[in-house]
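Chains A and B, in that order, give the protein sequences. Read in order, the letters of the first sequence correspond to residues 1 to 323 in our numbering. Read in order, the letters of the second sequence correspond to residues 1001 to 1256 in our numbering.
Simulated from the structure, these hints should not be mistaken for lab results. There's no promise every hint is true.
Unchecked claim - Okay, derived cross-link-like pairs now, BS3-like style, lysine-lysine, Cα gap no bigger than 25 Å in a straight line: (1) Lys1054(B) / Lys109(A); (2) Lys1054(B) / Lys1171(B); (3) Lys1059(B) / Lys1228(B); (4) Lys1171(B) / Lys111(A); (5) Lys1059(B) / Lys1126(B).
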Amino acid sequence: MSRLAYLKRIGLAQGILLVLALIPLIGVPAYQFYVLERGLQNVLVVLSLVILLGYTGQLSLGQAGLVAVGAYTYGILCVNYGLSPWLGLVAAPLAAGLVGVVVGFPSFKLKGPFLVVNTLAFSEIVRILILNNEKVTGGPFGLNRIPAIATGLPLYYFMLVVAFLAAVATLRLSRSHIGLALKAIREDEVAAEAMGVHVRNYKLLAFVISAVLAGVSGVFFANLAGYLNPDSFTINESSTYLLMVVLGGMDNVAGGILSSLTVTSLPEALRFMARSRMVVYSLILLLVLRYSNVLNLANLKRMMRRRQPTPDASTVAQNKVNR
Amino acid sequence: MSLLTATQLTKRFGGIVAVNQVDLDVGSGEICGLIGPNGSGKTTLVNVITGIYKPTAGKVVFEGRPIHGRTPHEICALGIGRTFQNIRLLLALSVFDNVRLGGHIHTCSRLWDVLLRTGRLRREEKEVADRIDEVLDLTGLRSCRDELTRNLPYGRRKVVEIARALMARPKLLVLDEPAAGLNSSEKGNLMTLLSRVRDTGISILLIEHEMAMVEALSNRVFVLNYGKKISQGSFAEIQRDAAVVEAYLGTGGSHA
């Protein structure tokens, strides 16, 4: 296999993550490295939204709630019950997945804004539960001294491997018949149902997969911070996740990875601006959204494909006329 | 024995009786026409048969099994495929993917097969791709296989819907006005396609306003008006039926 063909097979999404594997080699200052790690942690949430929103068309503003479920399950099991962090890593996404079933249930009947409000309410309920069950969660004082799976570089590479696997899984899902069924639900539920897609089951599947990914992200958050506080899981976080997935092109894995890394690091990169920082940050986001069709990787790919000669030129010409 | 039998099928929306005690049957290898003026309940009847609506009363039996009250995906899996009057395609996806969706009920790979890309999945994907090409050849869509459905002209889109329904290997194909909006050459192609589909042993229930097509293809025709079946028989028979003429042309009342 030629090198180019091999690179093509790896794909853009995995390529970006491979580049990330090389970054520690050039030596990054501790704080910048931490931001990078947070970006990597956010990649998992963005992938969860690529599946839920990008493929299935179910808009959720409750992802922060699911991240919280993952993070706190890990934290509580490890701190209060002395469970090994590795078992916590398995248990927390499972718990998040179960909660995902609950979040997914209303989607059978609710669409659009009604579903959004529902997921938003879920996330707030989780936050308030955490805030008020002080004995278990530490309430507003937070959960301290959470043991980590690993620290420093090993943790970074472990997260990278998990993100890599999650990206591969998402891409495989996308091109499979399951991904097609999810996209059919996004495009036209009635048509999907009439073509034999069990719409309820597939919606639930999307919510559960999405919740599991968010749960894993929560575990990584607990590992990185070593401390959990309900303030880290607000609507603010949920809307940032949404921003990331929209900037990435909704159903674009590579775009999602890139945008979660940039959106995470942008406010930190702008820190030298002091007071005008958030203004510039918002302005950049607005501009990117406005010109996202130029930046959108999916569009870029499509434009490049169009340059190549197609096997049947007459149909293309015919379609141009009809367009 | 007939493939599909509907007995005393009724669908009410509040005070409106959209389908009123209709009896209908489609035999194996048969093309049955379903005609009637606009608003006579043809589409509602089809939606009840395919499970989009639950019937208020009456029975639908398919291959000896009652199917009324079942969900659309169950009915699809039992072997009734359909197209929609107001085309329902996945416009953001390619023709290939649209047709692939039709094969959904025959896929048996699970989530694990997909995530691990097992041999079973690869074998199945290969089979599905071959079958799609077969269907695209049959329907004459091979040349726009990888086009986005959004970029296809109206006539082509209607054919993609039929291809998608065929992909599910149905025993009965329900077509809701497949010729509406087609030009005359497209209509000709459609008629050839439908008779070829029938020759493969698939029965067709055809809703159509294009009478030349109904006449050329149908073994039998059912006529609805105001939700009631007013006539049935061969095309020649219903053509002579006074009730049908009245439904389409009105009574020749004297204008004094």
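Results of checking the hints against the structure:
Of the pairs offered as hints, the one joining lysine 1054(B) and lysine 109(A) holds, with about 17 Å between alpha carbons and a cut-off of 25 Å not exceeded. With a C-alpha separation of about 21 Å, the suggested pairing of lysine 1054(B) with lysine 1171(B) holds against the 25 Å cut-off. A distance of roughly 16 Å separates the Cα atoms of lysine 1059(B) and lysine 1228(B); the hinted pair therefore holds under the 25 Å criterion. Taking the CA atoms of lysine 1171(B) and lysine 111(A), the gap is about 34 Å. The hint is violated against a cut of 25 Å.
The hinted pair formed by lysine 1059(B) and lysine 1126(B) fails the criterion: a straight-line CA distance of about 40 Å is larger than 25 Å.
The structure fails hints 4, 5 (numbered hints given earlier, in ascending order).
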